[in-house]
Amino acid sequence: MSDAYTAAWKASIDNPQGFWLNAAKALDWTKAPETGWNAADGWFPGGRINTCHNAVDRHVAAGHGDAAALIYDSPVTGTIATFSYSELLEEVGRVAAMLASLGVGKGDRVVIYMPMIPHTVFAMLACARLGAIHSVVFGGFAPHELAKRIDDATPKVLLTASCGIEGSKVIPYKPMVDEALRLARHGVDHVVLFQREQVTAELAAPRDLDWMELREKTAADAIPACVPVASDDPLYILYTSGTTGTPKGVVRDNGGHATALTWSMTNIYGIGAGDVFWAASDVGWVVGHSYIVYAPLLVGATTVLFEGKPVGTPDPGTFWRTIDRHGVKAFFTAPTAIRAVRKEDPDAKFLGEIGTGQCQAIFLAGERADPDTIGWLEDKSGLPVIDHWWQTELGWPAIASCVALGDLRRKRGSAGFPVPGYDFAILGEDGKPVPQGHSGSVAIRSPLPPGAFRTLWNNKAGYEKNFAGFPGYYETGDAGHFDDEGFLHIMGRTDDIINVAGHRLSTGQMEQIVAQEDGVAECAVIGADDAIKGMIPIGFVVPRAGAENDDTLASRVIAAVRADLGPVAALKTVYTVPQLPKTRSGKILRNLLRKIVNGEQFDTPATIEDPSVPEMLINTVRR
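For the sequence shown, full-length UniProt numbering assigns the number 1 to the initial residue and increments by one for each residue that follows.
There may be inaccurate statements among the hints.
[As the list claims (entries may be wrong)] Heads up, simulated DSSO-like pairs for lysine-lysine below, C-alpha to C-alpha not over 30 Å straight-line:
| # | residue 1 | residue 2 |
| --- | --- | --- |
| 1 | Lys-169 | Lys-343 |
| 2 | Lys-432 | Lys-10 |
| 3 | Lys-25 | Lys-106 |
| 4 | Lys-572 | Lys-343 |
| 5 | Lys-349 | Lys-217 |
| 6 | Lys-309 | Lys-343 |
| 7 | Lys-309 | Lys-533 |
| 8 | Lys-595 | Lys-343 |
| 9 | Lys-572 | Lys-533 |
| 10 | Lys-31 | Lys-106 |
| 11 | Lys-343 | Lys-432 |
| 12 | Lys-169 | Lys-309 |
| 13 | Lys-432 | Lys-460 |
| 14 | Lys-465 | Lys-432 |
| 15 | Lys-533 | Lys-582 |
| 16 | Lys-460 | Lys-106 |
| 17 | Lys-595 | Lys-411 |
| 18 | Lys-411 | Lys-349 |
| 19 | Lys-343 | Lys-533 |
| 20 | Lys-460 | Lys-156 |
| 21 | Lys-156 | Lys-106 |
| 22 | Lys-595 | Lys-582 |
| 23 | Lys-465 | Lys-10 |
| 24 | Lys-217 | Lys-156 |
| 25 | Lys-533 | Lys-411 |
| 26 | Lys-411 | Lys-10 |
| 27 | Lys-31 | Lys-460 |
| 28 | Lys-572 | Lys-582 |
| 29 | Lys-169 | Lys-572 |
| 30 | Lys-169 | Lys-10 |
| 31 | Lys-595 | Lys-533 |
[What the hints assert, rightly or not] Have a look at the derived ranges for each label pair, beta carbon to beta carbon:
| # | residue 1 | residue 2 | range |
| --- | --- | --- | --- |
| 32 | Asp-379 | Ala-220 | 50 to 60 Å |
| 33 | Ala-531 | Glu-353 | 16 to 26 Å |
| 34 | Asp-151 | Asp-529 | 33 to 43 Å |
The set of hints was computed from the structure by calculation and includes no laboratory data.
Think of the CB as a built atom: it goes at the ideal place given N, C-alpha and C, for glycine as much as any other residue.
Go ahead and model the full structure; you've got the sequences and the hints to work with.
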């Protein structure tokens with residue numbers, strides 16, 4: 001075990017105030033904090049800071065304006081562009097001036113519904129510059145879901161683009177934005193749209209404004225100064241699926257977020273000023289917020305913004321080509337992306353021909369990395385492949401191997417060891433720790449470290465619920481165990497949130513949609529194992545009387561979920577069955593359905609109402 005890692009973890013647990021106050025010194029504070037934590041105000045009470053200043057301005061002021069800040073690599077458009085820190089400051093400043101001209105200021109919300117283009121990064125940082133709160137919604141999300149987020153965040157302005165590009169498909173955004181605003185109760189003051197050459201969107205005055213025209217109109221305006229905000233003032237709201245179908249708006253603060261990301265970039269990933277870091281994710285997800293936009297820039301590194309897919313843009317060598325082309329030092333992606341690459345190129349011929357350039361480590365997160373995938377990637381790349389675990393609520397890794405602390409211990413199937421700042425426990429239903437090696441609920445002792453969520457937007461009760469199950473602990477919703485070497489293994493969710501290719505989706509929300517479809521009497525949606533995506537949703541539908549011979553029922557259910565949640569829902573298989581397995585009390589046995597679909601052995605539960613149902617389901621699934 002690394003002495004540096006052990007010392008850091010122990011210090012963070014024994015003296016969290018001192019540990020994190022020392023870490024906070026890596027940042028520029030308008031007013032430096034004197035206290036690490038208090039329950040009323042969170043981390044660094046009394047401190048004042050601006051995240052954009054720390055990510056951009058201070059590097060220019062320190063004489064590093066010519067250093068590369070952002071590399072935009074878009075194989076789907078054939079575009080590669082590099083922005084220095086000075087150029088990034090100018091672009092961010094211009095967007096900040098645009099927003100200020102529309103009345104956006106400290107505390108106002110701005111929804112960003114945009115693709116993987118530099119202007120999306122400019123917009124996020126511009127909001128941070130003004131002290132405004134951005135809420136990025138994954139471009140292409142269904143209008144109904146976008147409308148929910150608009151109603152919850154009540155933004156003053158919505159920023160969008162004319163289209164996104166998903167592989168070979170061009171997806172117009174403006175019709176979805178218009179439909180979302182039609183559905184939403186809250187009306188925005190303005191929609192500002194960036195026109196891409198692939199699609200020209202129609203604008204409706206006076207609400208809709210052209211991005212470049214507004215930029216020109218405000219070109220003479222001074223770049224707004226960075227607005228100092230309190231450490232616990234919100235930086236952004238990021239929505240994640242809730243078990244009830246209502247999105248949860250995770251609120252990230254400014255001071256704790258900047259401190260934690262700076263520490264993690266340095267100590268977990270081993271990245272500093274001048275290094276090139278690439279997180280192959282989307283800015284709509286927490287990985288994109290933390291490790292495409294903020295963390296690399298906070299330490300003065302170069303971040304790669306990639307608009308493409310692991311395969312098909314143009315081939316399964318695109319990851320390795322991008323790593324080699326830009327001198328990437330550390331690479332972060334999801335296991336599902338590696339599984340897709342392996343499916344297309346099982347012998348890793350592209351990897352063998354292109355190589356991995358200057359890359360020193362590959363990090364995986366987003367869903368559990370199966371040992372076989374890790375083994376294949378380590379064997380073919382010759383690099384350490386580090387699985388690590390965290391959540392939208394946490395904002396940065398909680399379980400990992402901390403490379404810069406000399407800790408490269410790895411065990412396939414485990415995400416590693418607790419990161420400094422995180423005190424884990426495996427608890428039984430009684431709230432007491434289970435014996436080593438036994439599975440239980442994975443919990444983290446509170447208070448959570450800097451960078452973790454402090455509340456949910458408009459939903460304090462929902463936030464507190466995360467700490468109610470096990471008093472004194474944050475309940476992660478995952479099950480797992482510590483092994484005899486101290487490795488922490490995360491084995492799966494304890495609720496109905498499933499992880500589809502890195503996207504956390506609620507099966508309960510899908511069931512809600514399915515149940516409303518004409519002809520459906522009962523339904524269940526479960527997460528099944530999938531070789532590429534990690535998990536996929538599978539539906540079971542019991543037809544209403546008279547609809548037993550309706551051949552369109554399954555296809556209509558699939559279409560309904562897609563229309564409501566968008567294609568990310570990935571529900572493609574629905575079985576029509578005469579009945580579902582239930583207990584005598586009427587509870588659907590979803591674990592039994594999962595085992596049947598996965599082809600696992602099972603014992604028929606003693607509580608089942610009709611013991612003949614499992615065999616019927618097996619025959620249905622096998623057909």
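Now the hints, each set against the structure:
1. Lys-169 - Lys-343: Holds: Lys-169 and Lys-343 sit about 21 Å apart, inside 30 Å.
2. Lys-432 - Lys-10: Distance of about 22 Å is within 30 Å: holds.
3. Lys-25 - Lys-106: The hint holds at about 25 Å.
4. Lys-572 - Lys-343: Holds, at about 20 Å.
5. Lys-349 - Lys-217: violated (51 Å)
6. Lys-309 - Lys-343: holds (14 Å)
7. Lys-309 - Lys-533: Holds, because 14 Å separates the two Cα atoms, which is no more than 30 Å.
8. Lys-595 - Lys-343: holds (25 Å)
9. Lys-572 - Lys-533: Given pair Lys-572, Lys-533 holds - Cα atoms ~13 Å apart, limit 30 Å.
10. Lys-31 - Lys-106: holds (18 Å)
11. Lys-343 - Lys-432: Violated - the C-alpha atoms of Lys-432 and Lys-343 are around 43 Å apart, more than 30 Å.
12. Lys-169 - Lys-309: holds (12 Å)
13. Lys-432 - Lys-460: Roughly 26 Å between the alpha carbons, so the hint for Lys-432 and Lys-460 holds.
14. Lys-465 - Lys-432: Status holds; Cα separation ~19 Å.
15. Lys-533 - Lys-582: With Cα atoms ~29 Å apart, Lys-533 and Lys-582 stay inside 30 Å; holds.
16. Lys-460 - Lys-106: Within the cut-off at roughly 22 Å; holds.
17. Lys-595 - Lys-411: Holds, because 26 Å separates the two Cα atoms, which is no more than 30 Å.
18. Lys-411 - Lys-349: Measuring from Cα to Cα gives roughly 26 Å; hence the hint holds.
19. Lys-343 - Lys-533: Holds, at roughly 12 Å.
20. Lys-460 - Lys-156: Since the Cα atoms of Lys-460 and Lys-156 sit roughly 23 Å apart, the hinted pair holds (cutoff 30 Å).
21. Lys-156 - Lys-106: holds (12 Å)
22. Lys-595 - Lys-582: Answer holds: Lys-595 to Lys-582 is near 15 Å, not above 30 Å.
23. Lys-465 - Lys-10: holds (29 Å)
24. Lys-217 - Lys-156: holds (20 Å)
25. Lys-533 - Lys-411: holds (22 Å)
26. Lys-411 - Lys-10: Distance ~22 Å between Lys-411 and Lys-10 Cα, so the pair holds.
27. Lys-31 - Lys-460: holds (28 Å)
28. Lys-572 - Lys-582: holds (24 Å)
29. Lys-169 - Lys-572: Cα-Cα ~19 Å, so holds.
30. Lys-169 - Lys-10: violated (50 Å)
31. Lys-595 - Lys-533: It holds: about 18 Å lies between the C-alpha atoms, which stays within 30 Å.
32. Asp-379 - Ala-220: 50 to 60 Å: holds (58 Å)
33. Ala-531 - Glu-353: 16 to 26 Å: holds (25 Å)
34. Asp-151 - Asp-529: 33 to 43 Å: Holds: the Cβ-Cβ distance is about 35 Å, inside 33 to 43 Å.
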